[in-house]
Amino acid sequence: MAQLLYRLGRMAFRQRRYITLMWVALLAVAGFAAANAPAAPDDEAGMPGTESQRAFDLMDQRFPGGKSDGADARLVFVAPNGQKVTATENKKAIVDAVDAVAKGAQTDSALNPFTSQAVSEDGSTAYATITYKAKAADLTQDSKSGLQAAAQTARDAGLTVEIGGSALAEDEFGGSSEVFGVVGAAVILLITFGSLAAAGMPLLTALIGVGVGVASITALGSTLGLSQTTTTLGVMLGLAVGIDYAMFIVSRYREERVKGHDPEKAVGLAVGSAGSAVVFAGLTVVIALAGLSVIGIPMLAKMGLAAAGVVTVAVVIALTLVPALLGFFHRAVLPRRTRRAKEPVASQAGKPNAGTRWARFVLRRPLLVLLLGVVGLGVIAVPALDLQLGLPGDEVKATSTTERRAYDDLASGFGPGFNGPLTVVVDAKGAENPKAAADTVAAEVAGTKGIVSVSPPVFNKAGDTALLSAVPSTAPTDSRTDQVIHDVREQADRFRSDTGATVLVSGMTAMNIDVAQKVKSALVPYIAIVVGLAFLLMMVIFRSVLVPLKAALGFLLSVSAALGAVVAVFQWGWLSGFLGVEQTGPILSMMPLFMIGIVFGLAMDYEVFLVTRMREAYVRGDSPGEAVVSGFRNSARVVVAAALIMMAVFGGFIGAGASMIKMIGFSMAIAVFFDAFVVRMAIVPAVLALLGDRAWWLPRWLERILPHVDVEGEALTQPHEKGEAPQSSTEPESVLAR
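Count along the sequence shown starting at 1, add 171, and that's the number in my numbering.
If you're looking for bench data, these hints aren't it; they were derived computationally from the structure. Please read all numbers here as calculations on a predicted model, not as lab measurements. Keep in mind that a hint or two might mislead.
Okay, derived cross-link-like pairs now, DSS-like style, lysine-lysine, Cα gap no bigger than 25 angstroms in a straight line [as the list claims (entries may be wrong)]: (1) Lys304 <-> Lys255; (2) Lys632 <-> Lys691; (3) Lys606 <-> Lys620; (4) Lys263 <-> Lys306; (5) Lys306 <-> Lys255; (6) Lys274 <-> Lys263; (7) Lys315 <-> Lys304; (8) Lys262 <-> Lys315; (9) Lys274 <-> Lys304; (10) Lys632 <-> Lys304; (11) Lys274 <-> Lys262.
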């Protein structure tokens, strides 16, 4: 591996013009394809294997044409205090507004609230449901302006009017979030490297990699069903790993130059050693992300595979474009003091630094550091025991948005459960009297505790299937609503025996609950698969049993603490105002799985980059303690910078409007902090200090069957028979003048 990458690095250095042009051409082609591709689809809500999905599928089959993917809107009218919407002037203003929207070229239907029984019991609130012939992304500005103008007309008449639905929903995934992350990363890189060229190169290559990866996702979005959320997560991950991987190569190149190697050899050695770590670190991320495809959630699988593709591009960029650009800027990326040094460069290497001092501090007090780290993360993880999963909707949007105000007005006028009605599907094909069966089911559901109203059954044309709309007394994200759904479903067997009809409960509220349950059941198997595969991979890398075990346990500790922090902020409300969280509630159902996949891969990045330098020193004869010190001396600064960069990139997305992106950004930023600074920088050296030589123990039988992969670049220090990778030397060469 090391020798192959060594030759790849030198080839990229020599063929730098062709390599650079190749990536620019790939970026141009991907960008052209993305610009001409159809719009990305909305996020899929489907969940195979759940009762909700079976009900949706049955509705599509029995009510052909009833499913519409067009945009929708809901005009919510609230009368002034002391008045009713049924008052003559108020009623006229509402009817005029609805009629105006109905005349729109893209309007499919606009239901008058006074004929569709959409007026609250106290007469204070009414709503009109509007459906469109086009998707939300395809609505013209005239349609949107017409809707807003109709609402404004009713406002001018003295009514409070808010607009819900998808028609006016803004794209919450773009904006300046990425910019803040890139600016933060640039500052950290500049401080770390002390060179504009060295700081700019990782940014440039990461942006090219993100451009290629995300443009490819956009180009294939319509064909493969990759949503806008997938694109945003691709940007998030691509920036984070792209910057980090390039930074590790550039850092190792500078280190090899300090040892006295000429530019081409230094590039080869950097790609052969740090590049090997990049390959395996990237492989752990890809394993974690690709593993999302085995848990049976289509949207999550697509997001994981697409993100894994972006990470793969970042790895290839680091191994090819970075050494090519180093060929153009081989001197400019060096620190200013090194470029101006009059003394031999090699004399500057090996000096104690902050990483050395910290490692020696931990080695003197390993048990204390270990206990503080484990107990501290354990305490932070406690809130995770109260983790509640769901799919938050308009209720978590900012109160400044009309969608959130429409949600609140409907809840106030019609009850909190009105925003999350249950759809009860009665399959009466097996019933002797379908109408009587549907009426019986409706009566029984209406009598269920927690249900406030049930609509009359609506049959399909064949008369063998009926739909009921049941409104619970509690909000969609309320845990009591979960119990109501379970209570209705538990009566299904009795309904079948009494009436011969099959009853299924669906609707978005029920779907959300089913998704949450499926995610909970998938957590343990997913963690077992990902951690198990990564454990085997790390055994190959580190030639040890205890080091991979320690890495996996450390990850579980850091991700538990991260989940605890997410629950404390987004569910309990701690610091929610500071982070711009408008409404607390259940944690996004898919977030734990996606966070585990991403953070595990990133955590193993730090493990690979830090511990490979320790093993490199150990196999060359250093004692276990000195190997830890050597690893920190060579890697601590760059690992800290890498973690800060990832936190800056992920933290930038906390400012996004979409609650999913905000939550994922926070969860990954805090997880990186816990894993990099507590687990890898404190717990790892403490455990290695306590284990000593036992840390690198590997049974002989396992040693024989495991493949040998030279991640540390040990082969590069030995004379090569063809002279391609001569022995590394610390003798200074007069190369800085080149």
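Hints versus structure:
1. Lys304 <-> Lys255: Given that 25 angstroms is the threshold and the Cα spacing comes to 32 angstroms, the pair is violated.
2. Lys632 <-> Lys691: violated, 39 angstroms
3. Lys606 <-> Lys620: holds, 24 angstroms
4. Lys263 <-> Lys306: Judged against 25 angstroms, a Cα distance of about 30 angstroms means the pair is violated.
5. Lys306 <-> Lys255: violated, 34 angstroms
6. Lys274 <-> Lys263: Between Lys274 and Lys263 the Cα gap is close to 17 angstroms, so the pair holds against 25 angstroms.
7. Lys315 <-> Lys304: holds, 13 angstroms
8. Lys262 <-> Lys315: holds, 23 angstroms
9. Lys274 <-> Lys304: holds, 13 angstroms
10. Lys632 <-> Lys304: Given pair Lys632, Lys304 holds - Cα atoms ~23 angstroms apart, limit 25 angstroms.
11. Lys274 <-> Lys262: holds, 19 angstroms
Checked against the numbered hints given earlier, this structure breaks hints 1, 2, 4, 5; the rest are met.
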